[in-house]
Amino acid sequence: MNISVKEWYKSGSPWVWLNAGAVAISLIMVIGLLGLIAVRGLSHFWPADIVQGTYTVDGQSKTIAGEIVETNEVLTKQLIEAGIKIPDDTEFSTRHLLKVGNRDVYGSDFSWALEQFFTDQSRPTMLFTAERREWGNLYGYLRSLKEDGKEIGHVESNDESAEYLALWAELDKRVERALDIREDILEIEKHEIGAINYELERLRLKERGLQLDNVTDQAPYVAINQRRKELDQAYEGMQQRLLDLYTQINRDSLTAEVAGGKVVDLQIAKIVRIFRPNAMNTGQKMLHYAAKLWEFVSDEPREANTEGGIFPAIFGTVMMVLLMSLLVTPFGVVAAVYLREYAKQGFVTRLIRIAVNNLAGVPSIVYGVFGLGFFVYFLGGNIDDLFFAAAKPAPTFGTPGLMWASLTLALLTVPVVIVATEEGLSRIPRALREGSLALGATKFETLMKVVLPMASPAMMTGVILAIARAAGEVAPLMLVGVVKLAPSLPLDGNYPFIHLDQKFMHLGFHIYDVGFQSPNVEAARPLVYATALLLVLVIALLNMSAIAIRNHLREKYKALEM
Amino acid sequence: MSIENSSVIPDLDFNTPAQRRGRKLRALKDKVARVGIGLGGVSVIIAILLIFFYLLYEVIPMFRSAEVQPWEQNGQIVEPYAVPGAGKTLYMAMEEQAEIGIRVTDQGNIIFFSTTSGEVIKSIQASLPVGATITSFAMVSENSRMFALGLSNGQALVFKHTYKSTYPDGKRVILPNIAYPLGEAPIDVASTALEQLTISGSEGSYALIGGNQENLQAIFISQTENMFTGDVELEESTTHLPDLGIKIKKMLLMPDLAWLFVAGESGKMAVVNLRNQDAPIITQVLQASSSKITTFDLLLGGNAVLLGNAEGEVSEWFLVRDDQGEWQMTKIRSFDTGQTAISDLAIEHRRKGFATIDAAGELRLYNTTANVNVLAEKVAQANASMITLAPRANAALIEEAGKLTLLHIDNEHPEVSWSSLWGKVWYEGYEEPKYVWQSSAANNDFEPKFSLMPLAFGTLKAAFYAMILATPLAICGAIYTAYFMVPTLRRKVKPFIELMEALPTVILGFLAGLWLAPFMEENLPGIFVTLLMIPVAILAFAYAWAQMPKKVRWLVPDGWDALLLIPVIMLATWFSISISPSMELALFDGNMRHWLTNDLGIAYDQRNAMVIGIAMGFAIIPTIFSITEDAIFAVPKHLSYGSLALGATPWQTLTRVVIPTASPGIFSAVMIGMGRAVGETMIVLMATGNTPIMDANIFEGMRTLAANIAVEMPESEVGSTHYRILFLAAFVLFMFTFAVNTVAEVIRQRLRNKYGSL
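For the record, the sequence lines run as chains A and B.
Just so you know, we're using UniProt numbering here: the first sequence kicks off at 1 and counts up by one.
Just so you know, we're using UniProt numbering here: the second sequence kicks off at 1 and counts up by one.
Just chain B, same shape as in the assembly:
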C-alpha cells in the first residue's frame, strides 16, 4: 500500500439515509426487545408467584365466617309475610331448592307454601279419627322428612312430605305431596292420650314411643316386602316402659331404636336402654343442666343430643363407653352462646351443624365437630319462636309473631376451625378426644374428621427417620470427599453421588415397597446386625491396616481408603445377612416379627418407618452430600495449612478449624435435605401403608401430607371443604419448605460472603 493511495480514501458518510434508517431500526429493535424481555420476565416471575396466591385463594374461603342476608328473588328482597294458614305451628321445613315450605299446624293442617311469597300451594287436612285432637308432634329426622302426630285417643299418624320435580315447558315446577310410609291408618301407640311422642328408625324398621307421664308405651314396627306380591307387610310389637321418675318434657329415640333419651323438668335427663325390646332398662338419670331444658334435639345421624337451656347454653351429649364397658351419656362440649334462652334450634340436614334462635332474636350458626360459632346476628325481633333450615343449609325460615322471614345463609365451610384442624376432637363414637384424619365414608351422616395432626406427625416421622440415616452418612461422606480424598477420585465420586439425586423417586419407592420391605421383614435380625457390624468392621479393618508393614500400606496412597473399604463393607453386610436366619432361630425362636409383636407388644407393618428411613434417606443423601461437600471444600486452604503447620493432626484440623468454619453450610445442607424429605411423595406413597396413625414406632407406617394429597385429591369434590383442606395441606407444605429453604439460602449466602473476606 502506498501513501498516494491512502490520500484518495473516499469520504465516509455515516449519515446516509439508508444508514439512518438502519440505525433507527436497530434502536427500535432494541426497544422492542427491552419491552418484550421485560414483559416476558416479569410474567414468568408472576406465574411462579401465582402458586402462592392461588393456593391461598383456595384456602381462604374456609376461614371466612358465615353470612346471612334477606333472601333475594329476582333482585327483590323477600319481605316478611304472614304465616300461611291458621293455628299454631308444630313443624316447619323446606324442600331441596328452598322454594317450597311445609307447615304443620296443631289443627292437623299440612300446608305447602311458596317460601318467597307465602302463597299456599297445597293444603291437606290430616284425617283425624272422630273426636281426636292433636296432642303431640314428633319427627324422625330432618333429612328423612318423616313426622308423626300424636292424638288424644292414643293413636298416631305418620306422614312424609315428598317432592317431585317436573319440567313442563322447560321450567322447573316442584309438586309437593304427602305420603304415608307406615300406612294411612292411625297406629295405636298407647291406651292413653299421647301427650308425649317420639318416632325414629330407618328403612323398614320404625318405633314410636308415646303416652303420658304414667303410661309410656313403645311400639316397634318392622316392614317386610313380600318377595312375590311386592306388598308391604307390617309386623308390630309393643312394650311398656318403666316409670322414669322425672317429669317428661321431650323424648328422643336413636335411629337404631336402642336408646331413648328423655328430657325432664328442671334440667334432668334420663337414658333408657331399649336393646332388649321386652324389658327396657333405665340406665341413667342425671342432672344435665342447671336450668330448665328449652330445646332437646338429635344431631344429624341421630347419635348425639343437643340440649339447650334457659340460660342460653347449648351442649352436645352422646353415649360413651366407660372403663367397665358400660355406655354412659356424657357431656362432650358446650357451645359458646349468648346469655339469652334459646327459643328454637334447627338441625342441619347434611352436616353436623345446627342453628339457634334465641329470645333476643339472634340467629347463631354452629358446627359441632369444629366447635365453632360461625355466625351471630340479630335477624328477628324478640319474639321469634321457630326456625328451620333448608336441606342445603343455604336458607333459613324464621317464624315471629305471625310472620315468616326467609333468609339466605352463606355457610360453606363450618367444619373448619383451628381446633378441628390441629386439636384433639371428641368425635361421635369415640371414647375420648383424638387426632383423627378420615375424610370420607360411604354414608351421608358421617362425621368428617379433618385433623391434620396425624398427617403432620407422619410427615415429620418420615422425615425424621430419613434424616437419621441420611445426615451422618451424607455429612461424613462429604467430609471425607472434600477433605481427605484424592482429587482424581473426588472428581469421579462427586458427580456419581450427585447423579443419585436425579434418580426418579418412583423407582426408589417401588424398590422400597416391593423389594426392601419384604427383604427386611425376612432378615430383620440381619438388618440390625448390619447396622452394628459395618462400623465395627470398618474400625477393625482400619486398625489392622495400621498394623500392616509400610510396604503394604504404601501400595495404596492416602485418600484412596474409601475404595479399600468397599469390599470390607460388602463382606460385613453379606455376613450379617447370612447369619440372620440362624440368629433368628437362636434368639427369637425362629421369628423375630412374632417375637416383636407377641413378646414386646410392638406392632409390625411390613411397610414401615424403617423402610422409609432407608429409601428416603437414600433420596436425600445426594442433596445433603453435595451442599456439605461444597461448603467444606470452599473453606480456604490456608486455614487448614496454618493449623497443620502448627502441629495439629488432620483430624484435629478438620474438627477444630474446617468444620466450625463450614458449619453454617452444613446446617443449610441439612435444612434443604429436610425440606426435600418433608415434601417427598412417591416413596412414602409406595413404601408405607398410608394409614394416618400417630405413633412414633419405627415398625409402623404413617401417612404424610404429600401422600395424602396424592391419594385423596383426585376424588375430592371441587370447592368442598375436603378439597380446600387438601389445598391447605399443600399450602402448609409449600410454606414449610419455602421457609426452610429460604433460611438455608440466606445462611449460605452469608457464608459465601464470609469466605470472600478471608
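Isolated chain A (complex conformation):
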C-alpha cells in the first residue's frame, strides 16, 4: 500500500515517530552509559596480554612491549602536521595506546605506537608483569634472583626453558614469603602501634585536661606518666620486632630485563603480584580476574589512590549512609506523622507541606554550605569549647567529619522520607482508623498498631530512596567531611570504637578525586570506571530493593486496603 508524503504528513504520523524517537534516544543514552561504565570498569581487572615488537621510527629500531589499552584511527594528515614522518599514501593510520609500564625507566606509563611502524609483534610467554607498590607495573624478562645481594639463580635467554621456569617457581615462592611477612608488618604497624599511639594521645589529652582544671594533686599525673612509660616500653619492643621483619622482607631481590635492554633491580618486598599473562590460560586468567576484583573491593588504595582497592571508600560510604539513615528514619517519620495525624490541617500545614516538598529540590551544595557553617563551625566549635578544651587548639568536632557529614545528608534527605511517609499515611482509609478508635483504642494505639504498620511500605520506600540519594551525593560532602585519603577507618578497635569526629573516604568523592585531581589520570582511569560501576550497582540495587520492598509490603497489606 502506497501512501503519499502529503497524506503521511497529514496523518500526523511523522510527529508520532519523532516522539517515539525521543524515547528511543533516552533509552539508548541510559543503556549506553551503563554499558560504557560496565565494559570499561570490568575490563580493567582482566590480565591483558603483553605485546612485544620492534618499533621503527626514522630508521631507528627499538624493542617495545606493553598492553594495548586503546586502538584508534587517526587522520594521517594530522600526524604529519604533528611532525611525524609518515608516508601519506593512506588517509588514516591505526594507532595503539600501549601501557608500557616501567615508569621509573621510561618516565611515563603510556606510549602511542603507530601500527605501520610496529613490526614483529609477538606475545612471548616468558614476559612477566610485576605489580609494584610504587612506580606502577614492571614488564620484563627475569634475569636473576638474589638473596642478601648474592645471586642464587640466573637465566640469559628469553625463551621458554626449564631453567627459566625453575627460577620462576623459586621467585613465586619468595614473593609469597615476602607477602606473608608484609602482613605481619602491617598488623604491627596498623593495629598494635596504632593502638599505642592512640592511647598515648588520650593520655596527653587527659593530662592537659587535668592541667586546665588546675588539679594540683600529683597522683593522677604520676599514674599517667607510669602508664606512658609502660606504653613507651611496649613501643620499643614492637620497633625491634618491626626492624627484624624489615630485614627479613628485604632479603630477596630480582633483576629483570625490560624492553630496550636495560636491566633493572627490583626488591621482592615491593612486589604486590607477579605473573606471566601470555602464558596464562583462560581458567588462570579468570582466577586472576577474581583475585583482582577481590583486591579492588577489599584492599586499601596504593599510589595516591590510582592502584589497589577502594575498601576504605566503600566502608566510609556505608558508615556514613548507615548513620544518616539512623538519624533520618525516626525524625522523618515523626515529622510526617505529626503533619498528617496530629497537626491541624489548614493553611499553615499546607504551606509547610509545600516547603518541605520543595526542600527536596534545593541544590545539595546549599546543604553543604549550611552544614559547614552551622554544624561544623557553629555547633562543632561550641562542642569543642565545652567538652574538648584539652585538645585545643586542634579542633575535635569543630572540623569537618563523619558526624557532620551524616547530619548534613540527613537534613538533605529528610524531605524525601517525610514526603514518602505522608503519602503512605494519606492512602490509609479513614474507616480503618475510625474502626480502631471505635473499639476503644487510643489515638496512639491506633497509630502504632494500625496506621504505621500499614504505612510501613511507604516509610521503607522513603528511607531507601533517601539512602540511594545520600550514597550518590558528593557536593555537600566535599565541604563537610570527605577526604581523599583517610589514615584510618572511622570504626576500629580503639575506644570508643566509632570515631564520629574523623574524616572519611567516600566512593563518589573518590571518583572525583582520582579522575580529576590525581597526577596520573591516564593510569587511574580504569579504576575510576570500576569505582563508578560499583557505585552505580549499589545505587541501582538500593532503588530496586526500594521498589521490591514496597511491592512486597503492599501485597502483605492488600487485604487491609479493601
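Just so you know, the hints here were simulated from the structure itself, not pulled from any lab data.
Listed next, the in silico DSS-like pairs over lysine-lysine satisfying Cα-Cα at most 30 angstroms (straight line): (1) K10/A x K550/B; (2) K29/B x K556/A; (3) K31/B x K344/A; (4) K206/A x K171/B; (5) K551/B x K10/A; (6) K31/B x K449/A; (7) K449/A x K24/B; (8) K492/B x K556/A; (9) K29/B x K449/A; (10) K122/B x K160/B; (11) K29/B x K443/A; (12) K24/B x K344/A; (13) K550/B x K6/A.
Which residues of chain B face chain A? A partial, calculated answer using Cβ under 7 angstroms: (14) E58; (15) V506; (16) A710.
On a predicted model such as this, the values are computed, not experimentally measured, just so you know.
We put the CB at the ideal spot given by N, CA and C, even for glycine.
Since the structure of chain A is already known, use the hints to place chain B on it.
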C-alpha cells in the same frame, strides 16, 4: 452451647482498679505520644527551616553599615586627651593592636604614646644635621610604616617605626622602636631645600624625589645584600626632573617607581613617566579638579590616587591604557561626599578603603571598589585637622585643636554593595568597567573582585544548554510514553528512565569530563552530523515503514515503534561518527577545532558548554520526563476518546486536546528541571574549565554559582567577606530553586484540582 450456660455469665466489671489503672496508663501514653510527636515534628520542621534563617544570618552582616563609637578601655570610655608632645603633627599612625600611637612633629620629635591615655611611652629626637630644619614630610605607604623627613639642607632622613611584642609575666607588652631602613645617615636628595618630598618603593629598591619648584631631583636607591658578608650595599643614582609648569602642592610616587603624580595649585595634576630614569617625561598635565586640591594620597597598593578638593569631592584616579596603548591618568569614580572641604584623608592598611574627616568634623568611611560610603557621622568639632586608621581598620585617631580622640570603628564588610556584586566595576589595571569574579590572590594589596554576574551568567548558561537538550527529548519522550506506548512497555520504560534520576551526578560528571569531552573534541563534525542525522533517519525509517505491506507492519503492534527505532538511531549515530574524520578532512582541512579558532575566531575549550549541555541534560531528562508523563497520563481518557470519536487523528487529539489540558503540568516539569540544572554542582565542576567568563559561546566553559561554592568554600576564611559572599551565593541558589519549585508545585496542585472536577 445451651441457654442455661449463657444465663450464668459472670458480671463483667469494666471498672476494676486494675483496669482503671490500665486505662489511665493508656491515656497517659497517648498524651505523652501526642506531646512527643508534636515536639519531634515541629522540631524537624524547624530544623529544615533553619537552613533559610542560617543562610540569612550569615549574609546579613555584609549589608550592615559601619558603626563608630568612642573607644572603650576596661569598660571606660576613652575621653579625648591632650596631644602628647609639642609642635605641629606631620604624621600619625597606630600599631597592629591600636594600643600604641606614633606622632611625628615638625621639630623632628618622634613620640610613641598610649592611644588610650596619651601617656608618652618613648620619645626619640631625629638627629637633624646642624642648622637644618624639617621642611617636608613623605610616607612610603601606610602599611610599610616607612616615612621620610625632608630637610632645609636638601637632605632627607628615612625612618621606619617597628613594634615588638613580648610576654613578660604572660601579659602582652609592645615595645616600639625606630629603624633606619636606608641607613642612619641623611640622604642627599637635592641641592636646594626640600620644600617638597616624596618617597616610594619596596623591598630593596626605593626612590626619593624632592626639592622646590625650580629644582626637583630624584634619587634612586637600590639595596643589595652581599651574599657572603650579609652587609647591605646601597647603590644610588640621581636625575633631574623637568619643569612641571604647575605649582607643586604634593607629589606621589608609585611603588614600582615608574610614575610620579603631582598635584598642583588650582586643581591641576601632572603625570611624569619615570620608566627611563635618566630622562623623565611629563606625559600629561590636566585639570583634575575644579577647585583647590586639599588631599592627595595613594590608595593601598599604590596604583590609584585619591584626590580631595575644597568642594568636598573625593575622586579616584588611575592609569588606564588607551586605544593607542598610551597610559592616561583617568578619573575612575567620584565618591558621594558632603559639601564641606576635606581636611584629611586616611588610607586603610589592608583594604581598598579610606576615611575622610571634613571641615565640619564629619567622619566618613568609604570603599573604593564597591564605591560606597559606609558611614557618615559627626565625631569632632569643626576644626579636626588629622585622621589616621589602625592597621586592622578597627580604630581611628583624630586630632582636633590640640586634642586626640580614639574611636572604635566596626566596619567588617565594606567591599560589598549592590554595584560591586551585580554591577560593572572598573578595577585597578583594567581598561574599562567589567564583571569579574576573582576572590583571592597571592599578594596583600590585591583588589578582591566579587562580581556575582559571571557566576550567575555561567549558571544560567549551563542550565540553558542543558535545557535545550533535555526539554524536547524529555517532553517528546513523555508524550509518546504516556499517550502512544502500549501499557506493558510503558510499565518497563518509565521506571527505567526514572532510575536515571538516581544515578549519582558525580558519575555523569566524570564521564562528561574524561570521556565525552575528549570524544567530542575528536569527532566534532560527527557530533553535529548526528544531531542532523537522527531526526532524518527517524523520519526516513518512518516513511519507509508506512510504505511497507500491511503484513510486515502488523508484525509490530501499535505502540512498540520506539523499540523499532533503537537500531535505526544507533545506526545513524554510528554512521555519523564514522564519517566524522573524512568530513573533517574534506571540509575543515583535517581539523575542525583549528578551523573554528583560526577561521571563525571562536575559542574552543575541550570542556565546554556543549559537553555540559549533554551531561546535565542527561541528568534532568528523568525529572522532566517523569512529571510530564504523569501530567499527560492523568488527562482524563474521556477527553481524548471524545476527540477521537469526532474524527480527529491521534496527533490532532494530542496537540489540540491533551497537551493544552496538561500544559500547566508540563510547564511545572520544565521549571523543576530547570531548578535542578541551576543547582547541579558535580557535573559542572568536573566537565567545565571552571573559568568565570561571561561568554555565551557554546564552545567555551563557565563557572556556576554552585561549582564556585564547591571550589572556594573550603579555603575561605570563616567570617570574612568572601565567606559571606559564598553564603550569599548559596542563598541566591536556595531562593531561586525554592521559588521556582514553589511556582511549579502550586501549578501542579491547581492542575490536580482541575482534573478532579473533570
